[in-house]
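Construct all of the structure, not just a fragment, from the sequences and the given hints.
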Amino acid sequence: MKLISTLIFLLCVTFAFAECYDNHFDECRIERQNGKYGIVIDKQLAIPYEYDEIVPQHNCFFKVRKGRKYGIISYFYEEHKRDGRFPKEIDRPIALKKGYAWLYLSLACEYDKIEEYENQYLQISRDDRKGIVNYYGTLVLPCRFEKIELSNNFFWVSSEGLYGIYNRYGSTIIPCRYNQIELTDRCFYVCRDRLKGVYNRYGSVIIPCQFSQIECKDNAYYVTKGKYQGIYNLYGSVIVPTQYTSIYKEGGKYLVENDSLKGIVNAYGSTVIPCKYNTIEYEDGVYYVSAGGKYGIYNTYGSTILPC
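As numbered in the working numbering, residues 30 to 337 make up the sequence shown, in order.
Keep in mind the hints are simulated off the structure, nothing from the lab.
You can trust all of the hints, since none of them are fake.
Listed next, with one range per pair, are the computed distances between beta-carbon atoms:
id, residue 1, residue 2, range
1, Asp214, Gln86, 34 to 42 Å
2, Leu263, Glu139, 41 to 49 Å
3, Lys127, Arg61, 23 to 31 Å
4, Cys220, Leu335, 45 to 53 Å
5, Asn52, Leu191, 35 to 43 Å
6, Glu211, Asp157, 23 to 31 Å
7, Gln239, Asp214, 20 to 28 Å
8, Thr253, Gly199, 34 to 42 Å
9, Thr253, Leu191, 21 to 29 Å
10, Glu175, Arg58, 34 to 42 Å
11, Arg197, Cys220, 20 to 28 Å
Distance condition first, Cα-Cα at most 30 Å in a straight line; then the derived DSS-like pairs of lysine-lysine:
id, residue 1, residue 2
12, Lys176, Lys142
13, Lys127, Lys92
14, Lys95, Lys117
Note that beta-carbon positions come from the ideal geometry of N, C-alpha and C, so glycine has one too.
And the structure:
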């Protein structure tokens, strides 16, 4: 007798879904008819008898199976019905004693696997490709990646040896076309075919992927392309164009060199002294320049005090 009571209790737990968060999910009943399963709620057929398996998940959706393919039936509850809550084709609420419930197929039975992921996400698989949906069956990432990892609030994806980044809502931050991606406190460094670039955390290109080297220092990005160097600010604006063989920061300005000729560029990218002098020395608030054995003087704003 005790064994029978225990079995009855377990069956009740299985079909009544005792973990309830006041959304009446526990009123859903999985029933079988002619070898197929459907869902009944408050004695009303909500999901027809056409599934080979129905499994409740987290008091908010059902994982369903047709043949060997899996899908998702979503469940919503509201105490008061609001018009326009759902598209017309699924807006068929079931009136409960208190409130309304909606059940509908939110993800078609097209997937080989649907597995728990992280933070209310599910990983879907089809033909050895992976994607991500949320608990409501909404597609977050299409099912086309070989690997997906959630890290630092971003989805890191890979396909055919290339990598990309998506945010938690499925928006592309970095398209899946790079050989390497590195996240820093400020931005993403990307590399493709040995060329480097920079994206910010919102998916905007800060520096195009065309440089052999990028270094962040002095609140700016120093870039190298071939034998030439340049500088971008942190927002992606060019401070110093990539046309100089050497760049040195001196005070609030940059001493630039092109082969053996020197010039000065300020922090806003404006030329203070053109790059045509053999020497430039800063002393007593002015620049002393020389070219071809002749000497001149510039002030700090780039005005000529004494021409060469």
